[in-house]
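There are 2 protein chains.
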Amino acid sequence: MTFVYAFDHEHPKPPMELKDLLGGKGANLAEMTSVLKLPVPPGFTISTDACRAYLADGGWPAGLRDEVDAQVARLEEGMGKRLGDPVDPLLVSVRSGAKFSMPGMMDTVLNLGLNDDSVRGLAAQTNDPRFANDSYRRFIQMYGKIVLDIPAEAFDAVFEEKRKASGADTDADIPAAVLAEVIEAYKAIILRETGKAFPQDPAEQLRGSIEAVFNSWNSPRARAYRRRERIPDDLGTAVNVQTMVFGNRDDRSGTGVGFTRNPATGEAVPYGDFLINAQGEDVVAGIRNTLPLSEMANSFPDIYKELLAIFGRLELHYRDMLDTEFTIDQDKLWMLQTRVGKRTGGAALRLAVAMVNDPTIGLSHEEAVQRVSPEHLDQVLHPQFEKTDAKVLGTGLAASPGAGVGAAYFDADRAADAADAGEKVILVRQETSPEDVHGMAVAEAILTSRGGLVSHAAVVARGWGKPAVCGAESLEIGADSFTTADGTLVREGDMISVDGSTGKVYLGEVPLAEGSVPDEFSTVLEWADTIRAGKLAVRANADTGEDAKRAREFGAEGIGLCRTEHMFLGDRLPVVRRMILADTPEEEEAALAELLEVQRLDFEEVLEAMDGLPVTVRLLDPPLHEFLPSIEELIVLDAKGDLDVPGRALLRAAQRWQEQNPMLGVRGVRLGIIKNGLYKMQVRALLQAAKARKAKGGTPIIEIMIPLIVTYPELDLVRRWVEEEIAAAGVQDEHILIGTMIETPRAAVRGDEIAEAADFFSFGTNDLTQMTFGFSRDDVATILEKYIEEGLLKVDPFETIDQAGVGELVRLGAEGGRSTKPGLKLGVCGEHGGDPTSIGFFYGLGINYVSCSPYRVPIARLSAALAALDAGGPDRTA
Amino acid sequence: MTFVYAFDHEHPKPPMELKDLLGGKGANLAEMTSVLKLPVPPGFTISTDACRAYLADGGWPAGLRDEVDAQVARLEEGMGKRLGDPVDPLLVSVRSGAKFSMPGMMDTVLNLGLNDDSVRGLAAQTNDPRFANDSYRRFIQMYGKIVLDIPAEAFDAVFEEKRKASGADTDADIPAAVLAEVIEAYKAIILRETGKAFPQDPAEQLRGSIEAVFNSWNSPRARAYRRRERIPDDLGTAVNVQTMVFGNRDDRSGTGVGFTRNPATGEAVPYGDFLINAQGEDVVAGIRNTLPLSEMANSFPDIYKELLAIFGRLELHYRDMLDTEFTIDQDKLWMLQTRVGKRTGGAALRLAVAMVNDPTIGLSHEEAVQRVSPEHLDQVLHPQFEKTDAKVLGTGLAASPGAGVGAAYFDADRAADAADAGEKVILVRQETSPEDVHGMAVAEAILTSRGGLVSHAAVVARGWGKPAVCGAESLEIGADSFTTADGTLVREGDMISVDGSTGKVYLGEVPLAEGSVPDEFSTVLEWADTIRAGKLAVRANADTGEDAKRAREFGAEGIGLCRTEHMFLGDRLPVVRRMILADTPEEEEAALAELLEVQRLDFEEVLEAMDGLPVTVRLLDPPLHEFLPSIEELIVLDAKGDLDVPGRALLRAAQRWQEQNPMLGVRGVRLGIIKNGLYKMQVRALLQAAKARKAKGGTPIIEIMIPLIVTYPELDLVRRWVEEEIAAAGVQDEHILIGTMIETPRAAVRGDEIAEAADFFSFGTNDLTQMTFGFSRDDVATILEKYIEEGLLKVDPFETIDQAGVGELVRLGAEGGRSTKPGLKLGVCGEHGGDPTSIGFFYGLGINYVSCSPYRVPIARLSAALAALDAGGPDRTA
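Same order as they appear, the protein sequences are chains A and B.
All residue numbers for the first sequence refer to the working numbering, where the first residue is 1 and numbers rise by one.
All residue numbers for the second sequence refer to the working numbering, where the first residue is 1 and numbers rise by one.
Everything labelled a hint here was simulated from the structure, so no lab data went into it.
As the structure is a computational prediction, the values presented were derived from the model and not from experiment.
Please note that a few of the clues may not be correct.
Each pair may be met inside one copy or between any two copies, as identical chains are not told apart.
Cut-off 25 Å, straight-line C-alpha distance, at most; resulting in silico cross-link-like pairs (SDA-like, lysine to any residue) [claimed, not checked]:
| id | residue 1 | residue 2 |
| --- | --- | --- |
| 1 | K794 | M495 |
| 2 | K37 | A297 |
| 3 | K821 | Q803 |
| 4 | K794 | R228 |
| 5 | K821 | E808 |
| 6 | K424 | D796 |
| 7 | K164 | A421 |
| 8 | K786 | R720 |
| 9 | K675 | R577 |
| 10 | K145 | E181 |
| 11 | K696 | L613 |
| 12 | K794 | D752 |
| 13 | K786 | E589 |
| 14 | K424 | G493 |
| 15 | K305 | Q330 |
| 16 | K794 | W721 |
| 17 | K786 | R228 |
| 18 | K391 | A804 |
| 19 | K387 | D519 |
Throw the hints in and build the complete structure from the sequences for me.
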């Protein structure tokens with residue numbers, strides 16, 4: 001078995017397609033080296049196979065050590081240097097590189113190969129003992145922390161003490177001799193903490209570092225990140241061992257992170273951060289404030305030209321916007337890494353359209369659509385602030401667009417606790433690190449006073465579509481408050497507003513405006529619509545004319561779920577209660593007649609907004625007690641003697657309709673059958689509304705949906721009622737569809753039978769999930785969270801459909817229904833109808849349409865297109 | 001297509017096996033005629049095919065009329081008489097006869113063929129104008145009521161008036177001339193009510209009567225009866241047209257109902273009721289008090305001998321106890337009907353054993369077991385009264401054994417209402433009729449003052465296993481009270497006690513003793529055990545040592561479900577609350593340690609009672625708030641300022657643990673995972689109990705069951721905890737089974753995966769039914785009742801498993817589990833484990849054991865044997 005591949009290994013297929021094996025970084029290093037022949041420091045990649053074998057067995061798989069030794073030998077031979085050589089030593093970096101990028105999540109060791117001998121060789125070679133000692137002390141510190149698990153503070157304290165004692169202002173000012181003292185002190189720390197001396201043998205250093213990278217795959221923060229990003233735990237990471245080059249050698253050296261275009265806006269200009277005389281980590285960590293990439297035109301004009309030429313070649317080769325890391329080592333440019341660049345939603349849309357329009361790249365519409373993710377759309381649909389004259393506390397880099405409002409928290413743990421308690425929080429830090437991700441995950445927005453556009457905070461925030469302002473230097477951020485330039489003090493818990501699109505930070509709560517959407521948004525969605533046309537339709541869940549209008553604007557092709565219970569609330573509540581409390585059939589009918597009037601008007605508005613498109617109306621679903629006041633409040637009033645006669649009647653009614661488990665109680669069609677005037681009234685109101693619309697020249701298309709069916713006879717009975725109303729209204733020739741929700745496991749299992757009385761099925765995956773798991777959404781939030789945390793569940797099944805369980809029932813229901821009626825129209829109207837992963841799954845089951853909240857419609861349109869592109873297959877829309 | 005078969009038609013297989021086609025009555029008439037050559041009045045049967053075709057099309061199927069005409073012609077030819085003949089007319093009866101007996105549920109027309117002409121012929125032939133006129137008036141009345149749907153009251157009023165006017169005391173005293181007036185008055189009623197004259201054409205009379213019988217299949221009372229008896233609605237009825245013979249011709253005539261043995265006790269003596277000069281209906285209707293069958297030895301000695309000889313032939317032929325109807329027409333015996341006789345549970349057991357022991361009948365053990373139904377066992381397990389000196393109100397016939405206590409109700413509607421309101425009722429009537437069945441169905445017992453052992457009340461009560469005392473003549477039963485011989489007045493609502501085993505009726509509530517069980521009970525169950533051995537085991541649900549002991553006495557082969565929640569109630573409640581309210585882990589642990597002690601003792605008792613048999617312990621299942629007081633009570637106290645500090649703490653805890661839908665909330669394994677010391681404590685207590693039992697020389701066999709699993713990882717996690725406890729206890733070599741309940745739809749669908757961590761599955765069909773239907777048992781009782789009433793559901797799915805829905809999930813779970821582990825042990829521990837129909841279904845799925853309440857164990861043992869006999873197949877017990 002081969003575990004190790006040199007960057008210049010000739011793979012039978014393009015290395016950039018070998019990310020499973022080489023990891024993302026390794027694959028791209030190999031692509032740059034073996035295909036593009038770019039200046040990449042030589043090295044080799046230890047494959048993910050090796051990592052998985054190591055993690056499974058808890059030790060090095062057979063043969064790996066020999067392969068590594070052979071590759072090191074080849075590297076030494078090629079470079080003409082040897083690891084640990086006291087004259088001209090080879091130094092290498094050891095970096096993780098998983099299939100999916102996990103920025104900052106895993107470990108890196110630099111300057112490996114330095115020891116008490118080779119540090120002298122480095123000093124001699126560079127004629128810079130200070131540089132050599134600094135490199136060595138950095139290596140020991142990193143090795144101590146990462147491989148030997150010694151807290152960083154131990155080293156930091158020594159370093160700070162020595163720096164102060166030497167009278168140096170910055171790290172760069174510390175003399176070589178003092179650094180030599182630091183080295184000895186570091187080695188003493190290692191001996192003290194581990195009982196063993198710092199290893200002088202570079203081979204041992206290398207093996208330790210490789211193991212540390214393997215092990216970092218399972219570090220808590222890496223696991224947490226993968227959970228958040230839904231990256232499988234069993235992939236493992238590759239390890240890249242690469243010859244070191246030094247951006248921190250002198251002022252003709254430097255390092256930078258460059259995007260071939262602007263990842264925040266999509267603008268076609270190179271973009272990035274750059275530091276002179278620094279190592280790459282310094283740029284990303286945000287410890288030093290960086291220069292813009294364009295500054296290189298002044299400081300390194302030739303190299304800048306070379307870099308831009310490389311950017312061009314990369315874009316043409318990858319046909320995408322790239323993110324690169326590079327280092328200049330004494331006027332020589334080295335490409336250390338490239339990958340397809342992460343981008344904001346707006347940038348994704350603009351880049352997709354631009355690359356279709358750019359003939360040298362010439363993306364197809366299909367490719368362009370695939371360059372945009374549902375999360376990108378979600379981002380551009382994010383709200384922005386309204387115009388405001390709120391006090392500006394400061395301005396930083398607009399690192400991740402969108403607007404966030406919340407209470408300032410200065411510590412990730414406290415932020416997470418506050419968010420758990422239901423508070424909206426903004427995480428405020430000088431800079432963020434992987435240790436802060438749990439606080440970042442729950443924050444509405446992130447604010448830092450240090451670090452640039454590719455700092456940890458910025459990268460993570462953009463990846464998650466969270467607003468972020470970074471490097472707001474005018475803010476003095478402390479442990480539990482910050483002070484602005486004008487001396488305003490903002491304490492923990494104070495409300496602030498963060499505008500990641502402008503970089504401004506405001507005091508207090510600035511009102512949110514609707515998201516601002518780039519022009520390319522509709523272009524891409526039109527392409528998506530063409531791709532999914534005839535394959536998977538997108539409707540909206542909308543209960544009012546206003547919602548329906550918005551849904552239509554967002555591109556909904558109809559309403560898949562018009563709930564009628566909202567029509568029973570508000571000023572109708574007294575009438576609804578009269579119906580419930582009615583002592584005689586006459587009183588009940590009178591109340592129903594009143595409700596009919598208002599329902600008719602509601603329906604007319606919805607039908608007007610959706611004129612010409614289908615509107616699926618679900619007859620009343622919730623249990624009656626939802627329309628009654630809380631028993632607990634009433635009995636407290638009663639106990640205090642404060643309840644009047646109507647109040648006591650209400651209490652009695654509430655008690656009569658009270659249920660132990662309302663979710664499994666008398667609701668849906670069961671209620672319709674007990675209060676059997678109700679559904680007839682609703683159908684009559686709907687038919688009257690349709691008639692009124694037609695009288696006004698409209699084209700109403702109605703579909704009637706019966707909820708909570710468990711048996712064929714139930715549906716058959718109610719279907720007959722509906723047909724009687726249709727006949728009574730004289731519109732029996734209009735082919736009004738009568739269908740049912742499939743939302744109980746029984747209905748799913750008996751789809752074949754139930755289909756006999758149904759013109760369509762709409763899977764109510766919320767209820768189906770509740771009953772399939774036995775999870776009441778209201779009650780199991782805590783346990784769900786714990787289950788996800790403990791890995792007992794991979795995702796919240798209410799967010800993304802549980803394919804193996806609930807999905808299996810949907811499949812059985814769909815199959816059963818279609819076995820009876822091959823052309824049966826199938827929809828999904830649970831919240832999963834707006835979830836991209838779930839949409840892909842539904843597409844695979846042959847569902848005809850999904851229905852989701854109006855705001856999710858664009859996301860569903862894109863997801864449907866992506867599913868269609870992914871799956872191909874014939875036209876399946878009824 | 002042949003629709004009509006003469007009784008003497010030579011069928012290719014024994015007619016008694018053709019009940020599907022000929023109905024029960026028709027099949028047995030054909031058997032008696034064509035095979036046994038008994039004296040049966042000739043006639044023919046219109047098949048159930050014809051009825052189904054008629055009901056489906058709403059009219060006579062093609063060819064039926066011609067076939068009927070041809071059979072009538074044959075009958076006329078054979079008898080040498082013609083329908084409607086003015087000289088020597090043929091008269092026929094038209095009777096329903098469905099596949100399953102539905103006594104009194106459907107319609108009968110007698111004396112058909114009489115008209116204004118033939119009545120004279122009948123008078124001349126019998127030389128008895130009074131008899132002829134009486135027959136004619138009876139026919140018109142019956143035809144009016146049954147075929148023309150005219151209320152009986154109209155006729156009754158005229159008749160009563162004429163009788164009084166004539167000065168006659170009884171019907172038999174009314175002179176022929178007065179009866180002639182009655183006839184004219186009856187014809188006038190028909191003309192007035194229907195606008196058409198009473199049909200004089202016998203062919204028209206016959207067609208009308210046949211249609212009426214067809215239609216009576218769908219009468220509300222027939223439908224209600226079928227629902228109660230679980231007879232399918234789509235069978236239809238056959239119609240038997242038979243030459244009339246007259247038991248009411250004179251004193252050398254008579255009619256009776258005879259059983260070949262005693263159906264109440266099983267005693268081997270002929271048994272029945274007999275009336276001289278009467279029609280059969282008079283015996284069954286209970287209008288006249290009957291003579292015992294044995295009285296025939298005096299009044300009709302030769303015919304009695306002939307009858308007993310026929311009884312003997314019938315028993316040898318059918319190899320069972322028979323129920324017959326016969327008529328003597330002027331000293332000639334005619335057999336009108338026979339069928340296998342209904343019997344009480346005690347009789348069924350005794351008859352089964354007696355017929356095995358009787359070499360002339362020589363039943364096999366298998367046949368004997370099949371002669372006993374689960375309902376029979378249920379009956380003998382019915383409670384009896386303890387010895388009492390309660391006041392005896394009167395004594396009647398011990399018509400159906402068992403004891404019932406309740407409030408006296410004198411009207412079926414009011415009895416049904418009271419029962420709906422939760423009251424236990426006794427239905428008290430002079431006599432019952434099919435109009436009373438809804439009141440009989442809900443009654444604890446039935447009491448009548450008129451009618452014999454085969455009266456409507458007696459037959460129905462025995463069929464349903466309900467206690468009944470009939471013909472308690474000393475009671476004067478009125479519309480809303482009765483008076484005893486000594487003048488005691490019992491009003492509606494007063495409590496009485498009815499002993500159907502002794503015939504005594506008591507004032508007030510007599511305490512119940514346990515059921516008295518005949519010796520044959522254990523004989524039959526031993527045969528049943530032999531039949532099911534190695535096929536389907538029977539365990540009990542038992543939570544205490546006492547329950548376990550009882551279960552073992554009833555033949556349980558282990559415990560399939562030992563719930564541990566009961567161990568958390570009573571005097572343990574304060575400790576459980578301390579655990580819930582604990583502020584610190586230490587307090588929680590202390591409470592758990594206390595609980596461990598008491599649980600260990602509980603477990604020891606159970607293990608002792610079940611020594612040597614497996615005991616499946618389910619870890620705690622219900623949500624924690626079940627152990628807290630009601631929130632509503634606490635907030636009322638709080639509102640009144642009556643809550644102390646610990647009370648307020650309890651209120652807060654109750655609020656914290658309160659759930660919207662506890663059934664779908666934090667319970668079962670979810671609770672185990674949140675309060676993760678709980679399950680470990682329970683396992684430890686169980687292991688300690690087993691150890692203590694072993695120290696005492698016992699042989700404890702424990703199985704540990706995890707409730708409410710939805711995913712494999714949940715079970716895997718808890719399984720590891722349990723294994724740790726087992727290892728810590730040092731008993732890891734004892735192969736303690738660790739399994740799970742399959743009670744969520746998701747677990748059923750993912751059985752393959754979950755089986756990887758399970759040594760056994762136990763289907764919790766109660767919860768599975770709740771979640772599959774979305775029916776909370778606590779909440780949907782009303783709707784369930786309505787659904788069954790409306791035919792939306794055939795049976796209560798909590799009583800008999802819903803095979804098509806819930807059963808399908810059980811099937812999927814069983815299949816999935818066995819696909820992973822072919823030998824996986826499968827059990828059922830929901831209440832369906834004690835339901836005979838469900839047991840048959842589970843047997844078909846390859847379930848290894850059912851577990852039910854101790855009292856149901858004998859029924860489950862028998863049901864398992866019946867399922868095995870029904871299905872055959874190989875040994876399947878693990």
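(message) Please sort K675 with R577 into within, between, both or neither, judging by C-alpha distance up to 25 Å.
(response) within (13 Å within a copy, 42 Å between copies)
(message) At most 25 Å between alpha carbons: which applies to K164 and A421, within, between, both or neither?
(response) Intra 43 Å, inter 89 Å, cutoff 25 Å: neither.
(request) At 25 Å max between alpha carbons, let me know whether K821 reaches Q803 within a copy, between copies, both or neither. (result) Both ways: K821 and Q803 sit 24 Å apart in one copy and 23 Å across, limit 25 Å.
(message) Regarding K391 and A804, is the shortest C-alpha distance of 25 Å or less found within a copy, between copies, in both, or in neither?
(response) Neither way: K391 and A804 sit 52 Å apart in one copy and 67 Å across, limit 25 Å.
(request) Could you place K305 and Q330 in one of the four classes (within, between, both, neither) given a Cα distance threshold of 25 Å? (result) Within one copy only: 16 Å inside, 130 Å across.
(message) Checking an output row: K387 and D519, CA cutoff 25 Å. Within, between, both or neither?
(response) within (21 Å within a copy, 93 Å between copies)
(request) Tell me, please, which holds for K424 and D796 at an alpha-carbon limit of 25 Å: within, between, both or neither? (result) Classified as within; 21 Å inside a copy, 49 Å across copies.
(message) For K786 and E589, with the copy left unspecified, which applies at a CA distance of at most 25 Å: within, between, both, or neither?
(response) Between copies, since 21 Å is at most 25 Å while 49 Å is not.
(request) Check K794 against R228 for me: Cα-Cα at most 25 Å, and say if that holds within a copy, between copies, both or neither. (result) within (10 Å within a copy, 48 Å between copies)
(request) Up to 25 Å between alpha-carbons, please classify K794 paired with D752: within, between, both or neither. (result) This pair counts as between: shortest inter-copy Cα distance 19 Å, intra-copy 32 Å.
(message) With identical chains, the pair K145 and E181 could be close in the same copy or across copies; at 25 Å between alpha carbons, which is it: within, between, both, or neither?
(response) within (19 Å within a copy, 120 Å between copies)
(message) Regarding K821 and E808, is the shortest C-alpha distance of 25 Å or less found within a copy, between copies, in both, or in neither?
(response) Intra 20 Å, inter 21 Å, cutoff 25 Å: intra and inter.
When the structure is compared with the earlier hints, violations turn up for hints 1, 7, 18 and for no others.
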